[in-house]
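Asks: Sequence:
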Amino acid sequence: MKKYFSKQHPHGILFSILSRKCDFTHFSYPKTHSCHCERLVCLKNQHTTCHAAFGVLVKTIHFMKSLPSFQNLPLNDRLVLLQNRWVPLFLLGLAQEHITFEVWDFPAVSILRNILLNGQQKSDVCPPTLAEVYKLKMFLNKVWSLDLSLNEYAYLKCAILFSQDIPGLKSLAVIEGLQEEAQRALHMLTLSHHHPRDHHTFTNLLFMASTLQMEARSMVTELFLRPITGQTDLQELLNEIIVTNRIM
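Per the UniProt record's numbering, the sequence shown runs over residues 1 to 248.
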């Protein structure tokens, strides 16, 4: 079989059929996992959910660009913050817009297709695992349980966006001041509630968001955005929007 599907037979019938356009053509062949949580998954209602998620991404970038404090930063700092903070801001946007979704097992036909195409498709991306989706849902449920107001969402996003701990930033003192201002405003807002929130709640939420930033970039891209953007480099697209002030 290996010989038959080698480059010497690129035009076999099955190869030709599988070479036609279909969903998930860009994914690599997954490794075999015995653990249930490592199953590869995709969205059930992909069309509806992905379009809703892309709308959240548009609102996320618009939020960043609407902040004078962000726009007044040097371009390099804006790009660094964008690259390192768009994912947790996007996740908060999913929560704010109450985007719900379900997943099911990744189609086996796509796995077979990538085997037969012998690695001709891009192999630098992979569908998310059930465990990754579970972590995301835990984060969303945590945010929903707080029943945040619009102002709380806004200040929380600012506290996440303006992080001086990111390598490559030049205006560290300014960004640190912006983060402290956002955290202070968020704290004062929580104290005004009839039932004030524990400040540790938001500290934990900020930590969860930062952790997901490290783990979730590929996951949210492949799960929610790849079906819309295709093979377009998403980071390059977002950078272009910031640089040129174009609208998505």
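Watch out, some of these pointers could steer you wrong.
Claimed, not checked - The calculated PhoX-like cross-link candidates involving lysine-lysine, where the alpha carbons are at most 20 Å apart (straight line), are:
#1 K135 x K44
#2 K65 x K170
#3 K44 x K137
Please keep in mind that the hints were generated in silico from the structure rather than gathered at the bench.
Asks: Each hint should be assessed against the structure and marked as holding or not.
Replies: These are the hints, each one checked on the structure:
The suggested pairing of K135 with K44 holds, with an alpha-carbon distance near 18 Å, which does not exceed 20 Å. For the proposed pair K65 and K170, the alpha carbon gap of about 19 Å is at most 20 Å, so the pair holds. For the proposed pair K44 and K137, the alpha carbon gap of about 15 Å is at most 20 Å, so the pair holds.
The structure shown violates none of the earlier numbered hints.
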